[in-house]
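Starting from the structure of chain S, add chain B where the hints point.
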Amino acid sequence: MAERPLKVLIAKPGLDGHDRGAKVLARGLRDEGFEVIYTGLRQTPEMIVAAALQEDVDVVGLSILSGAHMTLLPRITAGLRAEGLDDVLVTAGGIIPDDDIPALKAAGVAEIFGPGTTIGEVAEFLRANVHRRDTA
Amino acid sequence: MTDRRAGAAAGAELAQRTRGGDQRALARLLTEVENRTAAGETGLRALYPLAGSAHLVGVTGAPGAGKSTLVAALTTAARAAGRPVAIIAIDPSSPITGGAILGDRVRMQQHAVDRDVFIRSMAARGHAGGLAPTTVGAAAVLDAAGFSLIFIETVGTGQSEVEVAAIADTTVVVQAPEMGDEVQAIKAGLLEVADLVVVNKADRPGAHRAAAQLRAMLTVGAQQDRAALAAGRPRPKRPEVLLTTAATGAGVPELLAALDRRRAAAGAGGAHEPGQSGAGPDPSRLARARVQLDGILSERLRDRLHEPGLAPIVEEAVTAIAAHRLDPYAAADRLLAALAVR
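Going down the list, the sequences are from chains S and B.
Numbered according to my numbering, the first sequence spans residues -4 to 131.
Numbered according to my numbering, the second sequence spans residues 510 to 851.
Pulled out of the complex, with its shape left as it was, chain S reads as follows (with noise of 0.2 Å):
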């Protein structure tokens, strides 16, 4: 059968209420194929795990410019882990400074996308880094 689109979980946890940035991401996603789920501002890390596993999802895409990152992610990523989605590519992007990249991604952040990251860039990086389960 055709290749099924990818599903990418776009959120923005905590609590600064600026989402131009992911909604730009999450049409730039639809133009390169993906299946975006939006689901708006001030989300916490219990809402996110939820909508990533009832949604199925592919990847975890978190927009943050709030500067809570470290408390944030960490959290997110272990609760995607208790609920059995390790296989979940988790990715953020936003104002994240370099020194706490290697933190997170410790944390299970595959990926940090600066400011000047292309759309083109993170799709290509979400097909070649997604974890394909497909059974038949």
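Careful, some of the hints might be misleading.
Using C-beta positions, here's what the derived DEER-type ranges look like [as the list claims (entries may be wrong)]:
1) S:Gly115 x B:Ala796: 43 to 49 Å
2) B:Ala721 x S:Arg22: 23 to 29 Å
3) B:Ala725 x S:His13: 45 to 51 Å
4) S:Ala77 x B:Pro558: 30 to 36 Å
5) S:Glu119 x B:Gly818: 37 to 43 Å
6) S:Ala98 x B:Ala589: 39 to 45 Å
Stretch-level coverage of chain B by chain S, calculated; a stretch enters the list once three of its residues show a Cβ under 8 Å from a Cβ in chain S [said to hold, decoys possible]:
7) 523 to 536
8) 606 to 616
9) 629 to 640
List of simulated lysine to any residue pairs, SDA-like, C-alpha gap at most 20 Å [said to hold, decoys possible]:
10) B:Lys746 x B:Ala720
11) S:Lys18 x B:Ala675
12) S:Lys18 x B:Pro572
13) S:Lys18 x B:Pro601
14) B:Lys746 x B:Ala675
15) S:Lys18 x B:Thr606
For the record, the hints were derived by calculation from the structure and aren't laboratory data.
Using N, Cα and C, we set each Cβ at its ideal position, and we do this for glycine too.
Only chain B this time, still in chain S's reference frame:
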């Protein structure tokens, strides 16, 4: 073929775990059904006998009428009574790239961490009519998983995407005020398939007038109905018209009560329990069965025509039709004959 066998085994396991209340397995099985895999087919077949007791409520209407907000508010009302709820929310796929933005969860965030509310977004994947091709199958899986109330929210519809009425037990058409005059209300199409018409955003000016106009136009014709009944002609539905403000919840408990009344009435009119004899299954179930059977038959036919032995014959036929050497009816008959001898 071994791939298919492995898929079938995986599907059977997913079905088993879904029955046991494993939401991860349920979510995965829905993906398999959506992707029309062997696992999806096996899982759905295993669960099908367990489904059939949920109330499938279709919610349709124009983009921005407030469908998602209304479904979320109905879910709040149902949860207050302790009822588990599943929601299938469909958004359109890009005809160009196949991608989609599935944004209905944005309006349903209050239920995000409630384990008795299962929300699943579906992309229409090229299917016209307001649904995805596998929406009925997904609803059957959720039904078997124990969700007794299932909302199916269509893509934002225009005037004639009426398919949801064929698969739902009860169809709710949502309108916002100022969306048209009395002539809109007497046009054929979407409003005709409504069991309930909801004028949402009732706090806006003109809402009550819109509801009054809809009532006047949709509920006329009792005499005509009797004549049609006597002559055996089809009779239009006479939907109730309700007002809601989904954003505040006003009117929503009344809408849920109206849905429950319709459900109870349908149950009283025919046999609902599997295996129960009596007046026969209600028309909405027969319509749903027909849609499923038609869909699977055409899917299987398409699959067979793509088999290695037949694909070249199909291509030949397409070329001949394009060149007007063969008419499309003759080509179709030839292909059916080729299928029959195989």
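### Task
List in ascending order the numbers of the hints, as given earlier, that are violated by the structure.
Failing hints, ascending: 2, 11.
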